[in-house]
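Novice: Sequence:
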Amino acid sequence: MKASNRLAALMLPLGAWAGIGTAVAAEGERARASVIEEVVVTAQRKEESLQDVAIAVTALSGEQIEEFNFQDAQRITDQIPNFFAGGLGGPGGPPFFSIRGISFVDFSNVNEASVGLYLDEVYLASQGAGAMQLFDLERVEVLRGPQGTLFGRNTTAGVTQYISRKPTDTFEGNASLQYGANNQVIGELALSGPLADGVRGRVAFKYHNDDGWQENKLTGEDNAETDAYAARGILAVDLGERWEMEANYHYSENDGTTPTPLALFGLDPNDLTQYCGGLPVIGGPTDQSHADAILSGRCANDLGVVLDGQDVDEGYSEAQFPMEYQASGGYVKFVGDQAWATITTITAYEEYEQKFGYDIDTYDYTETVLQNDINTSWESEAEQFSQEIRLNGDYEGTSWTTGAYYYTAEQSSLSGTVVKVTIPGSDPLVISNPADTTTETDSWALFAQLESPISETVALVTGLRYTDETRKLAELECTVPCPPPGAGGSADEIATQATTGKLGLEWRPVDGQLYYAQFSHGFKSGGFNPQSVVERRGPVNEETVDSFELGMKRFFLDDTLRFNAAVFYNEFKGLQALVGSVDEDFNPIVFYINAGDPDILGAELELAWAPNERFEAMLGVGLLDTEISADPSISADGRPLDGKELPQAPDISVNGVLRYHVPMDSLGWLTLQADGRWQDDIWTGVDNDPVEFVDAYGILNLRARWVSGSERYSAELFVDNVTDETVVQHIFHNTVGSHAVPANAAGVQDGFRTPGRPRLWGLRFGVDF
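Heads up: the sequence shown begins at 1 in the working numbering, then just goes up one per residue.
Treat the hints as calculated values from the structure; they're not laboratory data. Hints are supplied without guarantee of correctness; some may be wrong.
[As the list claims (entries may be wrong)] The calculated lysine-lysine pairs, modelled on DSSO-like cross-linking and capped at a C-alpha distance of 30 Å, are: (1) K355 to K46; (2) K46 to K217; (3) K46 to K166; (4) K217 to K355; (5) K217 to K333; (6) K333 to K166.
[What the hints assert, rightly or not] FRET-style restraints, in silico, Cβ to Cβ: (7) Y249 to D394: 32 to 40 Å; (8) T345 to L763: 40 to 48 Å; (9) W444 to S633: 48 to 56 Å.
Ideal Cβ positions, reconstructed from N, Cα and C, are used throughout, including at glycine.
Build out the structure end to end from the sequences listed, making use of the hints.
Specialist: If you want it as structure tokens, here you go:
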């Protein structure tokens with residue numbers, strides 16, 4: 001179907017709802033249930049009601065985050081349409097966020113993601129920062145689509161912004177304690193209030209520890225452990241009548257472990273010289289019969305081991321592998337409320353360190369000829385400084401925002417594979433080949449946005465941003481000879497100048513109704529491939545997107561039903577991706593390339609309904625249709641990328657919640673809640689390898705929460721993933737030559753599946769004071 005016809009088909013529900021709304025919407029006071037409560041957001045760098053913002057943005061308030069019991073940054077994807085999280089490190093590891101089908105998988109952490117992460121208006125360079133613990137938040141905002149004006153830092157897919165609760169004028173505090181499966185213990189404490197005349201402060205702490213939800217069958221140890229704690233302090237000081245200073249410092253740390261990936265084997269268990277499920281050409285693409293055999297667990301590794309029906313809570317690894325991070329930083333913000341404008345300056349500094357890895361040979365425990373241990377690990381560091389100055393004002397009905405932004409960062413990576421071979425009676429032979437590299441980025445930008453009224457109900461929005469950026473790859477350090485700068489026609493420095501922005505129309509026929517149409521252009525600067533120590537290492541060119549979007553936000557049924565919808569069409573140029581291939585000996589290698597020009601058509605539909613004080617419901621639907629257009633010469637693992645679908649981009653995804661409140665007179669009330677998410681089939685690789693395919697699945701969570709009549713005390717019992725659905729966050733498949741080379745060490749597997757969380761239960765108690 002042509003894109004124009006698909007767009008028209010997706011627009012029909014939007015127009016139908018708009019027409020029905022004109023007939024049934026009526027004057028009435030908006031219900032104050034949590035699902036349709038007013039949420040103030042800063043999606044346009046100023047405080048506005050969510051329903052007044054002409055952007056496809058979903059916001060979860062701090063109260064909603066607590067009601068869903070989201071403990072880490074990945075979990076927010078459960079309740080936001082067209083927002084997904086993959087990852088090689090499991091549910092506690094660094095996530096690869098995807099918005100509207102666009103994601104970026106980078107093991108090294110020296111390149112920046114297509115989904116920008118912001119903490120209290122400060123951009124975070126490292127993708128690993130997405131592993132953060134959630135605590136004491138005012139809200140989370142997810143902006144879908146390129147943000148080329150106000151959030152212009154490499155955001156071709158969208159932005160996720162975490163906003164902390166701020167100091168209060170009066171004393172308040174809260175504490176909670178949770179105990180759950182695998183001896184999980186989570187404790188939180190927050191205190192806020194005045195410290196002196198014109199001085200307010202807030203401190204918050206979190207501790208999260210558990211024994212892990214996966215048992216290592218070889219060592220008896222537990223995997224997928226969490227041992228994290230975090231703290232945040234915010235100080236607000238009034239500087240006269242017009243100025244306020246806000247200082248923030250935060251620190252977090254985790255000394256956990258990764259789950260062992262579930263193995264994928266590819267040899268015929270009855271004939272280890274043959275491929276299971278068929279005999280594809282050595283070095284060529286895997287066929288469907290071979291993929292089906294691998295994914296069903298019918299195949300063997302080259303020791304003849306078969307593991308049929310391996311559960312996610314069972315791991316086979318010679319040792320534990322870390323999921324560790326340490327993050328610290330802060331900012332000083334000044335806000336001046338002047339007669340002609342509000343002036344905001346933010347000076348910020350952030351540091352981040354991370355280490356994770358896992359076993360990739362796994363099931364070599366026969367102790368017959370060789371004992372091998374083949375594992376891979378990634379260590380990364382990020383250090384960044386940013387300075388932003390922003391002006392917001394109004395002039396004769398025109399709302400305007402302008403400013404400047406400076407950013408500099410140094411990101412380092414140490415990654416590689418370690419092979420340990422032990423012959424009985426001999427000392428182990430260890431072969432290590434890590435690559436150590438650093439990228440340095442300097443960027444500055446100027447931006448402005450105007451919202452100008454054309455009539456009493458129509459406004460024109462124009463935005464423009466100019467970015468000048470230089471990124472440099474420092475000298476590579478290797479244990480084997482490294483390619484010199486510029487080897488193979490590559491360069492070690494990228495200079496990018498980009499002009500991005502948006503043009504939109506907003507129509508507000510009556511209060512509580514918003515319809516908009518907009519065009520926006522975004523870009524993501526180029527990068528390098530530090531893992532390729534013997535092949536070309538880049539750079540890859542910039543990634544750009546042109547986005548066309550129609551949307552609406554409004555209420556129905558006496559303001560008890562909120563309905564937001566958006567339909568979009570995105571044209572990408574030069575999609576950045578890591579792709580696999582093989583050398584002349586069929587050894588796997590990784591390239592960082594511009595993998596073609598995807599077209600993406602899709603929509604988001606969000607409903608929140610609170611017909612009375614007892615019942616609440618939310619429903620979110622995401623629709624995606626993606627296709628890559630690429631030159632026939634662009635391929636991965638022997639598969640041309642032309643015509644392929646994007647990874648982490650299900651055709652349909654659904655999220656929702658049903659909530660029923662039971663009054664208990666003076667004892668308060670009891671809330672019964674069911675929430676969850678369902679998503680269609682996805683690929684985890686841009687080449688659509690049939691092995692890298694995840695079937696559709698759904699997750700159901702159940703909760704019962706009691707709140708006292710004074711609203712001071714609360715207690716909750718919950719079960720997440722009630723049906724114990726097998727969740728696969730990522731699949732990696734080696735090229736088909738991996739078992740064809742006799743020199744390969746025994747026990748090496750064809751690939752692996754990174755498992756997500758199994759069923760978990762818990763009890764949570766809270767008190768406000």
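Novice: Each of the hints needs a verdict: does it hold here or not?
Specialist: Going down the list of hints, with the structure as the test:
| no. | hint | result |
| --- | --- | --- |
| 1 | K355 to K46 | violated (37 Å) |
| 2 | K46 to K217 | violated (53 Å) |
| 3 | K46 to K166 | holds (16 Å) |
| 4 | K217 to K355 | holds (23 Å) |
| 5 | K217 to K333 | violated (51 Å) |
| 6 | K333 to K166 | holds (13 Å) |
| 7 | Y249 to D394: 32 to 40 Å | holds (34 Å) |
| 8 | T345 to L763: 40 to 48 Å | holds (45 Å) |
| 9 | W444 to S633: 48 to 56 Å | violated (36 Å) |
The structure is inconsistent with the numbered hints 1, 2, 5, 9, although it conforms to all the rest.
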